[in-house]
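Colleague: For the sequence shown, the positions run -29 to -1, 1 to 397 when mature numbering (1 follows the signal peptide of the UniProt record, and there is no 0) is used.
No lab work stands behind these hints: they were computed from the structure. Hints are not guaranteed to be accurate.
As the list claims (entries may be wrong) - Computed cross-link-like contacts, DSBU-like style, restricted to lysine-lysine with a CA-CA straight-line distance of at most 35 Å: (1) LYS88 to LYS286; (2) LYS213 to LYS224; (3) LYS39 to LYS21.
As the list claims (entries may be wrong) - Simulated restraints on C-beta separations: (4) GLU307 to LYS224: 28 to 36 Å; (5) ARG147 to GLN38: 44 to 52 Å; (6) GLY40 to PRO311: 38 to 46 Å; (7) PRO311 to ASP110: 23 to 31 Å.
Glycine residues also receive a C-beta, built at the ideal position from the N, C-alpha and C atoms.
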Amino acid sequence: MNEITRRAVLTRGTMAAAAAYLGASAVQAASQSPRHLGGKFESIDAAMMKAVNDKSVAGAIAMAATQKGMIYEGLFGKANPATGAPMRPDTVFWLLSMTKAITATACMQLVEQGRLKLDDDASKYLPQLAAPKVLVGFDANGQPQLRPAKNTIKVHHLLTHTSGYTYANWSDVISRYETATGLPDIATCENAAFNVPLEFEPGERWQYGISMDWTGKLVEAVSDQSLEVYFRENIFQPLGMKDSGFLIGSEQKRRVATCFSRESDGGLKAMPFEMPQRPEFFMGGGGAFSTPRDYMILLQALLHGGKFNGAQILKPETVAMMMQNQIGDLNVRKMESAAPAYSNSFDQFPDQKHKWGYSFDINTEAGPHGRSAGSVSWAGLLNCYFWIDPVRKVTGSLFTQLLPFYDDRVVALYGDFERGLYGGLA
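All chains should be built: construct the whole structure from the sequences, respecting the hints.
Modeller: Laid out in C-alpha coordinates, this is it:
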(Lines of atoms letter the chains of each structure in order from A and count residues from 1; the text may use other names and numbers.)
(Lines give C-alpha, C1' and ligand atoms only; values in the text may rest on other atoms or scores of the structure.)
Protein backbone atom coordinates (compact mmCIF):
# COMPACT_ATOMS: atom_id res chain seq x y z
CA MET A 1 0.00 0.00 0.00
CA ASN A 2 1.30 3.45 -0.84
CA GLU A 3 2.07 5.86 1.97
CA ILE A 4 -1.21 7.20 3.31
CA THR A 5 -1.66 10.92 2.82
CA ARG A 6 -5.43 11.42 2.47
CA ARG A 7 -6.09 12.06 6.15
CA ALA A 8 -4.00 14.75 7.81
CA VAL A 9 -4.59 13.03 11.11
CA LEU A 10 -2.48 10.08 10.03
CA THR A 11 0.59 12.27 9.53
CA ARG A 12 0.62 13.71 13.02
CA GLY A 13 1.99 10.71 14.88
CA THR A 14 5.45 10.66 16.39
CA MET A 15 6.22 6.98 16.76
CA ALA A 16 9.88 6.14 16.38
CA ALA A 17 9.07 3.00 14.43
CA ALA A 18 7.09 4.81 11.74
CA ALA A 19 9.41 4.00 8.87
CA ALA A 20 10.50 0.55 9.94
CA TYR A 21 9.38 -2.66 8.31
CA LEU A 22 8.32 -5.39 10.69
CA GLY A 23 11.34 -7.63 11.14
CA ALA A 24 11.27 -11.34 11.65
CA SER A 25 12.80 -11.01 15.11
CA ALA A 26 9.81 -8.93 16.20
CA VAL A 27 7.23 -11.62 15.59
CA GLN A 28 8.50 -14.70 17.34
CA ALA A 29 5.64 -16.19 19.30
CA ALA A 30 5.31 -13.95 22.31
CA SER A 31 2.35 -15.15 24.31
CA GLN A 32 2.24 -13.52 27.73
CA SER A 33 0.80 -16.62 29.46
CA PRO A 34 -2.86 -16.40 28.38
CA ARG A 35 -5.26 -16.66 31.29
CA HIS A 36 -8.10 -19.16 31.04
CA LEU A 37 -10.49 -18.28 33.83
CA GLY A 38 -13.70 -20.08 32.93
CA GLY A 39 -13.22 -22.65 30.16
CA LYS A 40 -10.79 -24.38 27.83
CA PHE A 41 -9.44 -21.97 25.25
CA GLU A 42 -6.25 -23.55 23.91
CA SER A 43 -7.56 -23.18 20.35
CA ILE A 44 -7.63 -19.40 20.80
CA ASP A 45 -4.04 -19.40 22.06
CA ALA A 46 -2.95 -21.45 19.06
CA ALA A 47 -4.72 -19.19 16.56
CA MET A 48 -3.27 -16.04 18.10
CA MET A 49 0.27 -17.38 18.23
CA LYS A 50 0.01 -18.57 14.63
CA ALA A 51 -1.16 -15.10 13.55
CA VAL A 52 1.89 -13.53 15.19
CA ASN A 53 4.31 -16.11 13.82
CA ASP A 54 3.06 -15.85 10.24
CA LYS A 55 3.09 -12.03 10.47
CA SER A 56 -0.64 -11.64 10.04
CA VAL A 57 -0.35 -9.26 13.00
CA ALA A 58 2.56 -7.85 14.96
CA GLY A 59 0.58 -8.37 18.12
CA ALA A 60 -2.98 -8.79 19.33
CA ILE A 61 -4.97 -8.86 22.54
CA ALA A 62 -8.13 -10.90 22.97
CA MET A 63 -10.36 -10.73 26.04
CA ALA A 64 -13.73 -12.16 27.01
CA ALA A 65 -16.11 -12.15 29.95
CA THR A 66 -19.40 -13.63 31.10
CA GLN A 67 -21.71 -12.37 33.84
CA LYS A 68 -19.39 -14.12 36.30
CA GLY A 69 -16.43 -12.02 35.21
CA MET A 70 -13.40 -12.29 32.95
CA ILE A 71 -12.90 -15.74 31.44
CA TYR A 72 -10.12 -15.17 28.92
CA GLU A 73 -7.20 -12.78 28.57
CA GLY A 74 -4.66 -13.44 25.84
CA LEU A 75 -1.71 -11.17 25.05
CA PHE A 76 0.34 -12.03 21.97
CA GLY A 77 3.25 -10.51 20.09
CA LYS A 78 4.66 -7.03 20.33
CA ALA A 79 3.03 -3.71 21.09
CA ASN A 80 6.15 -2.03 19.69
CA PRO A 81 8.46 -4.25 17.63
CA ALA A 82 11.07 -1.47 17.42
CA THR A 83 11.58 -1.47 21.20
CA GLY A 84 10.54 -5.07 21.85
CA ALA A 85 7.72 -3.98 24.18
CA PRO A 86 5.21 -6.83 24.49
CA MET A 87 1.45 -6.53 24.40
CA ARG A 88 0.09 -5.90 27.90
CA PRO A 89 -3.42 -5.48 29.32
CA ASP A 90 -2.70 -1.75 29.66
CA THR A 91 -1.31 -1.28 26.14
CA VAL A 92 -3.05 1.78 24.71
CA PHE A 93 -5.06 1.49 21.49
CA TRP A 94 -6.81 4.10 19.39
CA LEU A 95 -10.46 3.03 19.38
CA LEU A 96 -11.68 4.89 16.31
CA SER A 97 -15.33 3.82 15.83
CA MET A 98 -15.37 1.78 19.02
CA THR A 99 -15.68 5.27 20.56
CA LYS A 100 -19.29 5.27 19.31
CA ALA A 101 -20.46 2.87 22.02
CA ILE A 102 -19.21 5.34 24.65
CA THR A 103 -20.90 8.29 22.96
CA ALA A 104 -24.17 6.35 22.68
CA THR A 105 -23.94 5.50 26.39
CA ALA A 106 -23.47 9.18 27.22
CA CYS A 107 -26.43 10.20 25.06
CA MET A 108 -28.71 7.60 26.59
CA GLN A 109 -27.76 8.80 30.08
CA LEU A 110 -29.16 12.21 29.12
CA VAL A 111 -32.27 10.55 27.67
CA GLU A 112 -32.79 8.72 30.98
CA GLN A 113 -32.50 12.02 32.83
CA GLY A 114 -35.15 13.61 30.61
CA ARG A 115 -32.68 16.22 29.36
CA LEU A 116 -33.25 15.27 25.73
CA LYS A 117 -35.78 13.16 23.86
CA LEU A 118 -35.12 10.71 21.05
CA ASP A 119 -38.03 12.02 18.96
CA ASP A 120 -36.98 15.66 19.25
CA ASP A 121 -35.60 17.54 16.29
CA ALA A 122 -31.85 17.57 16.85
CA SER A 123 -31.90 21.27 15.94
CA LYS A 124 -33.63 21.94 19.27
CA TYR A 125 -30.21 21.35 20.84
CA LEU A 126 -27.96 22.02 17.84
CA PRO A 127 -29.35 24.96 15.82
CA GLN A 128 -26.82 24.30 13.04
CA LEU A 129 -28.92 21.24 12.12
CA ALA A 130 -32.04 23.33 11.48
CA ALA A 131 -31.72 23.57 7.68
CA PRO A 132 -29.74 20.61 6.31
CA LYS A 133 -29.15 20.26 2.59
CA VAL A 134 -29.04 17.13 0.46
CA LEU A 135 -26.37 16.55 -2.17
CA VAL A 136 -28.17 15.73 -5.45
CA GLY A 137 -25.19 15.59 -7.81
CA PHE A 138 -22.50 17.60 -9.56
CA ASP A 139 -22.73 19.99 -12.50
CA ALA A 140 -20.68 19.85 -15.71
CA ASN A 141 -17.86 21.70 -13.97
CA GLY A 142 -17.77 19.24 -11.09
CA GLN A 143 -19.41 21.61 -8.62
CA PRO A 144 -21.86 20.07 -6.12
CA GLN A 145 -25.59 20.67 -6.45
CA LEU A 146 -27.61 20.89 -3.22
CA ARG A 147 -31.28 21.18 -2.25
CA PRO A 148 -32.98 21.75 1.12
CA ALA A 149 -33.89 18.54 2.95
CA LYS A 150 -37.61 17.79 3.20
CA ASN A 151 -37.36 15.97 6.54
CA THR A 152 -35.92 17.15 9.83
CA ILE A 153 -33.11 15.32 11.59
CA LYS A 154 -34.26 13.69 14.82
CA VAL A 155 -32.01 12.67 17.72
CA HIS A 156 -33.08 9.12 16.86
CA HIS A 157 -31.66 9.54 13.33
CA LEU A 158 -28.25 10.52 14.70
CA LEU A 159 -28.07 7.49 16.98
CA THR A 160 -29.05 5.07 14.19
CA HIS A 161 -27.10 6.34 11.15
CA THR A 162 -30.33 7.22 9.39
CA SER A 163 -29.70 10.98 9.42
CA GLY A 164 -28.38 11.23 5.86
CA TYR A 165 -24.83 12.03 6.98
CA THR A 166 -22.30 9.54 5.62
CA TYR A 167 -18.51 8.97 5.64
CA ALA A 168 -16.12 9.73 2.80
CA ASN A 169 -14.37 6.40 3.45
CA TRP A 170 -17.52 4.58 2.29
CA SER A 171 -19.12 7.12 -0.05
CA ASP A 172 -17.75 8.08 -3.45
CA VAL A 173 -20.01 11.14 -3.64
CA ILE A 174 -18.97 12.54 -0.26
CA SER A 175 -15.33 11.91 -1.09
CA ARG A 176 -15.89 13.79 -4.35
CA TYR A 177 -17.63 16.61 -2.46
CA GLU A 178 -14.69 17.01 -0.08
CA THR A 179 -12.29 17.15 -3.02
CA ALA A 180 -14.41 19.66 -4.95
CA THR A 181 -14.92 22.01 -2.01
CA GLY A 182 -11.71 21.55 -0.03
CA LEU A 183 -13.78 20.55 2.99
CA PRO A 184 -11.69 18.82 5.66
CA ASP A 185 -12.51 15.24 6.56
CA ILE A 186 -14.12 14.53 9.92
CA ALA A 187 -10.94 12.74 11.10
CA THR A 188 -9.09 16.06 11.21
CA CYS A 189 -11.31 17.10 14.14
CA GLU A 190 -11.89 20.47 12.48
CA ASN A 191 -15.36 21.96 12.93
CA ALA A 192 -15.56 22.82 9.23
CA ALA A 193 -15.95 19.09 8.53
CA PHE A 194 -19.53 19.33 9.80
CA ASN A 195 -20.43 21.51 6.80
CA VAL A 196 -20.79 18.42 4.65
CA PRO A 197 -24.28 17.89 3.14
CA LEU A 198 -26.61 14.95 3.60
CA GLU A 199 -26.46 12.12 1.08
CA PHE A 200 -30.13 11.23 1.50
CA GLU A 201 -33.28 12.36 3.31
CA PRO A 202 -33.31 11.75 7.08
CA GLY A 203 -35.04 8.47 7.87
CA GLU A 204 -34.85 7.21 4.29
CA ARG A 205 -32.19 4.53 4.80
CA TRP A 206 -29.31 3.33 6.97
CA GLN A 207 -25.82 4.40 5.93
CA TYR A 208 -22.82 4.69 8.18
CA GLY A 209 -21.46 8.16 8.74
CA ILE A 210 -20.68 11.10 11.01
CA SER A 211 -23.98 10.97 12.90
CA MET A 212 -22.26 9.93 16.13
CA ASP A 213 -19.91 12.90 15.85
CA TRP A 214 -23.03 15.06 15.80
CA THR A 215 -24.26 13.03 18.79
CA GLY A 216 -21.07 13.98 20.61
CA LYS A 217 -21.86 17.62 19.89
CA LEU A 218 -25.37 16.97 21.20
CA VAL A 219 -24.05 15.56 24.48
CA GLU A 220 -21.83 18.61 24.90
CA ALA A 221 -24.68 21.04 24.20
CA VAL A 222 -27.11 19.39 26.63
CA SER A 223 -24.58 18.72 29.41
CA ASP A 224 -22.65 21.99 28.99
CA GLN A 225 -19.44 19.98 29.25
CA SER A 226 -16.80 18.92 26.77
CA LEU A 227 -17.02 15.29 25.75
CA GLU A 228 -13.64 14.70 27.40
CA VAL A 229 -14.97 15.88 30.77
CA TYR A 230 -18.42 14.32 30.39
CA PHE A 231 -17.00 10.87 29.59
CA ARG A 232 -14.53 11.09 32.46
CA GLU A 233 -17.05 12.18 35.09
CA ASN A 234 -20.05 10.10 34.03
CA ILE A 235 -18.59 6.92 32.55
CA PHE A 236 -14.86 6.43 33.02
CA GLN A 237 -14.42 7.43 36.67
CA PRO A 238 -17.55 5.64 37.95
CA LEU A 239 -16.52 2.43 36.19
CA GLY A 240 -12.82 2.70 37.01
CA MET A 241 -11.64 3.17 33.42
CA LYS A 242 -8.46 5.08 34.24
CA ASP A 243 -6.78 4.73 30.84
CA SER A 244 -9.46 6.08 28.50
CA GLY A 245 -10.12 9.50 26.99
CA PHE A 246 -9.44 11.82 24.06
CA LEU A 247 -6.36 13.68 25.36
CA ILE A 248 -3.52 11.25 25.85
CA GLY A 249 -0.86 11.80 28.52
CA SER A 250 2.88 11.35 28.09
CA GLU A 251 3.01 8.14 30.11
CA GLN A 252 0.11 6.68 28.14
CA LYS A 253 1.81 7.62 24.85
CA ARG A 254 4.70 5.38 25.83
CA ARG A 255 2.25 2.47 26.02
CA VAL A 256 0.58 3.03 22.62
CA ALA A 257 0.61 0.03 20.28
CA THR A 258 2.40 0.70 17.01
CA CYS A 259 0.06 1.06 14.04
CA PHE A 260 0.76 -0.82 10.81
CA SER A 261 -0.34 -0.81 7.20
CA ARG A 262 -0.83 -4.02 5.26
CA GLU A 263 1.47 -3.93 2.24
CA SER A 264 0.59 -5.30 -1.20
CA ASP A 265 2.77 -8.34 -0.54
CA GLY A 266 0.88 -9.07 2.67
CA GLY A 267 3.61 -7.76 4.94
CA LEU A 268 3.28 -5.11 7.62
CA LYS A 269 4.86 -1.66 7.67
CA ALA A 270 4.88 0.53 10.77
CA MET A 271 3.25 3.91 10.33
CA PRO A 272 2.56 6.94 12.55
CA PHE A 273 -0.90 7.35 14.01
CA GLU A 274 -2.29 9.68 16.63
CA MET A 275 -5.64 11.41 16.84
CA PRO A 276 -5.33 15.21 16.96
CA GLN A 277 -4.36 16.38 20.44
CA ARG A 278 -5.43 20.00 19.92
CA PRO A 279 -8.81 19.24 18.30
CA GLU A 280 -11.45 21.80 17.50
CA PHE A 281 -13.99 19.23 18.70
CA PHE A 282 -13.85 15.90 20.48
CA MET A 283 -14.77 13.26 17.94
CA GLY A 284 -17.62 11.25 19.44
CA GLY A 285 -17.56 8.96 16.42
CA GLY A 286 -13.94 7.92 16.67
CA GLY A 287 -11.48 10.07 18.62
CA ALA A 288 -10.89 8.19 21.88
CA PHE A 289 -8.16 5.88 23.12
CA SER A 290 -8.43 3.10 25.69
CA THR A 291 -6.84 -0.16 26.80
CA PRO A 292 -8.25 -3.67 26.39
CA ARG A 293 -8.87 -3.97 30.13
CA ASP A 294 -10.59 -0.59 30.29
CA TYR A 295 -12.79 -1.31 27.29
CA MET A 296 -13.77 -4.69 28.71
CA ILE A 297 -15.06 -2.84 31.77
CA LEU A 298 -17.45 -0.89 29.52
CA LEU A 299 -18.52 -4.06 27.70
CA GLN A 300 -19.14 -5.84 31.00
CA ALA A 301 -21.21 -2.90 32.23
CA LEU A 302 -23.41 -3.19 29.14
CA LEU A 303 -23.56 -6.98 29.54
CA HIS A 304 -24.69 -6.48 33.15
CA GLY A 305 -27.52 -4.12 32.25
CA GLY A 306 -25.57 -0.93 32.85
CA LYS A 307 -23.96 -1.83 36.19
CA PHE A 308 -20.36 -2.77 36.98
CA ASN A 309 -17.80 -2.14 39.72
CA GLY A 310 -20.62 -0.88 41.91
CA ALA A 311 -21.56 1.87 39.45
CA GLN A 312 -24.90 2.02 37.61
CA ILE A 313 -24.22 4.07 34.49
CA LEU A 314 -27.46 3.11 32.69
CA LYS A 315 -30.72 1.45 33.64
CA PRO A 316 -31.23 -2.16 32.48
CA GLU A 317 -34.22 -1.14 30.34
CA THR A 318 -32.10 1.50 28.62
CA VAL A 319 -29.39 -1.01 27.77
CA ALA A 320 -32.05 -3.40 26.46
CA MET A 321 -33.39 -0.60 24.24
CA MET A 322 -29.88 0.06 22.89
CA MET A 323 -29.62 -3.58 21.86
CA GLN A 324 -32.99 -3.71 20.06
CA ASN A 325 -33.75 -2.93 16.42
CA GLN A 326 -34.25 0.83 16.15
CA ILE A 327 -34.43 1.14 12.35
CA GLY A 328 -37.67 -0.76 11.73
CA ASP A 329 -37.92 -2.19 8.24
CA LEU A 330 -34.64 -0.62 7.13
CA ASN A 331 -31.55 -2.82 6.98
CA VAL A 332 -27.87 -2.27 7.61
CA ARG A 333 -26.17 -1.89 4.24
CA LYS A 334 -22.84 -3.18 3.04
CA MET A 335 -20.27 -0.41 3.40
CA GLU A 336 -18.63 -0.18 -0.03
CA SER A 337 -15.10 1.16 0.25
CA ALA A 338 -14.35 4.51 -1.37
CA ALA A 339 -10.87 4.67 0.19
CA PRO A 340 -9.05 1.32 -0.12
CA ALA A 341 -6.03 2.58 1.84
CA TYR A 342 -8.30 2.99 4.85
CA SER A 343 -10.91 0.30 4.54
CA ASN A 344 -11.97 -2.72 2.60
CA SER A 345 -15.68 -3.08 1.91
CA PHE A 346 -17.43 -4.20 5.08
CA ASP A 347 -20.41 -6.38 5.88
CA GLN A 348 -20.30 -8.43 9.07
CA PHE A 349 -23.23 -10.63 8.07
CA PRO A 350 -23.42 -10.77 4.27
CA ASP A 351 -25.80 -13.73 4.23
CA GLN A 352 -28.45 -12.30 6.55
CA LYS A 353 -30.37 -9.14 7.26
CA HIS A 354 -29.00 -7.16 10.13
CA LYS A 355 -30.38 -4.25 12.06
CA TRP A 356 -29.11 -1.32 14.11
CA GLY A 357 -29.73 -0.27 17.70
CA TYR A 358 -28.35 2.64 19.78
CA SER A 359 -25.60 2.32 18.45
CA PHE A 360 -24.75 -1.27 17.52
CA ASP A 361 -24.99 -3.69 14.61
CA ILE A 362 -27.48 -6.47 15.44
CA ASN A 363 -27.34 -9.90 13.80
CA THR A 364 -30.89 -11.20 13.48
CA GLU A 365 -29.75 -14.80 13.01
CA ALA A 366 -27.08 -16.80 14.82
CA GLY A 367 -23.60 -15.73 13.75
CA PRO A 368 -21.31 -18.13 11.87
CA HIS A 369 -18.83 -18.46 14.75
CA GLY A 370 -21.08 -18.94 17.78
CA ARG A 371 -22.79 -15.71 18.81
CA SER A 372 -26.53 -15.84 19.35
CA ALA A 373 -29.17 -14.14 17.24
CA GLY A 374 -29.76 -10.72 18.75
CA SER A 375 -26.12 -10.13 19.63
CA VAL A 376 -24.72 -6.63 19.15
CA SER A 377 -21.30 -5.64 17.87
CA TRP A 378 -19.12 -3.10 16.16
CA ALA A 379 -15.52 -2.30 15.36
CA GLY A 380 -12.85 0.38 14.96
CA LEU A 381 -11.04 1.41 11.79
CA LEU A 382 -7.69 0.07 13.04
CA ASN A 383 -9.09 -3.48 13.16
CA CYS A 384 -10.41 -3.60 16.71
CA TYR A 385 -13.64 -5.56 17.20
CA PHE A 386 -16.16 -6.43 19.93
CA TRP A 387 -19.48 -8.17 20.43
CA ILE A 388 -21.97 -8.58 23.27
CA ASP A 389 -24.20 -11.67 23.33
CA PRO A 390 -27.17 -10.94 25.63
CA VAL A 391 -28.53 -14.49 25.21
CA ARG A 392 -25.42 -16.45 26.20
CA LYS A 393 -24.32 -13.57 28.45
CA VAL A 394 -20.85 -13.29 26.99
CA THR A 395 -18.79 -10.45 25.53
CA GLY A 396 -15.48 -10.49 23.70
CA SER A 397 -13.04 -8.06 22.10
CA LEU A 398 -10.03 -8.27 19.81
CA PHE A 399 -7.48 -5.45 19.66
CA THR A 400 -4.97 -4.79 16.88
CA GLN A 401 -3.75 -1.56 15.21
CA LEU A 402 -3.71 -2.06 11.47
CA LEU A 403 -4.96 -0.49 8.23
CA PRO A 404 -6.89 -0.99 6.06
CA PHE A 405 -9.99 -1.86 8.06
CA TYR A 406 -11.62 -5.28 7.76
CA ASP A 407 -8.30 -6.89 6.94
CA ASP A 408 -9.02 -10.46 5.86
CA ARG A 409 -6.32 -11.96 8.10
CA VAL A 410 -7.54 -10.12 11.18
CA VAL A 411 -11.16 -10.97 10.35
CA ALA A 412 -10.20 -14.65 10.15
CA LEU A 413 -8.44 -14.34 13.51
CA TYR A 414 -11.54 -12.68 14.99
CA GLY A 415 -13.58 -15.64 13.78
CA ASP A 416 -11.08 -18.08 15.33
CA PHE A 417 -11.32 -16.20 18.60
CA GLU A 418 -15.11 -16.21 18.70
CA ARG A 419 -15.35 -19.84 17.65
CA GLY A 420 -12.75 -20.89 20.22
CA LEU A 421 -14.48 -18.91 22.96
CA TYR A 422 -17.89 -20.51 22.48
CA GLY A 423 -16.27 -23.90 22.03
CA GLY A 424 -14.35 -23.47 25.28
CA LEU A 425 -17.46 -22.41 27.14
CA ALA A 426 -19.38 -25.41 25.88
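Colleague: Is the straight-line distance between the alpha-carbon of LYS39 and that of LYS21 35 Å or less?
Modeller: Holds: LYS39 and LYS21 sit about 29 Å apart, inside 35 Å.
Colleague: Is LYS213 within 35 Å of LYS224, Cα to Cα?
Modeller: 14 Å, holds
Colleague: Okay, GLY40 versus PRO311 on CB: inside 38 to 46 Å?
Modeller: At roughly 41 Å between Cβ atoms, PRO311 and GLY40 fall inside 38 to 46 Å, so the hint holds.
Colleague: 23 to 31 Å was suggested as the range; check whether the CB atoms of PRO311 and ASP110 agree with it.
Modeller: 28 Å, holds
Colleague: Does the beta carbon distance between ARG147 and GLN38 stay inside 44 to 52 Å, or does it fall outside?
Modeller: Taking Cβ atoms as reference, ARG147 and GLN38 lie about 48 Å apart, which means the hint holds.
Colleague: Between GLU307 and LYS224, does the C-beta distance stay in 28 to 36 Å?
Modeller: 35 Å, holds
Colleague: With the threshold set at 35 Å, check whether the alpha-carbon distance from LYS88 to LYS286 stays at or below it.
Modeller: Holds, because 16 Å separates the two Cα atoms, which is no more than 35 Å.
Checked against the numbered hints above, the structure violates none of them.
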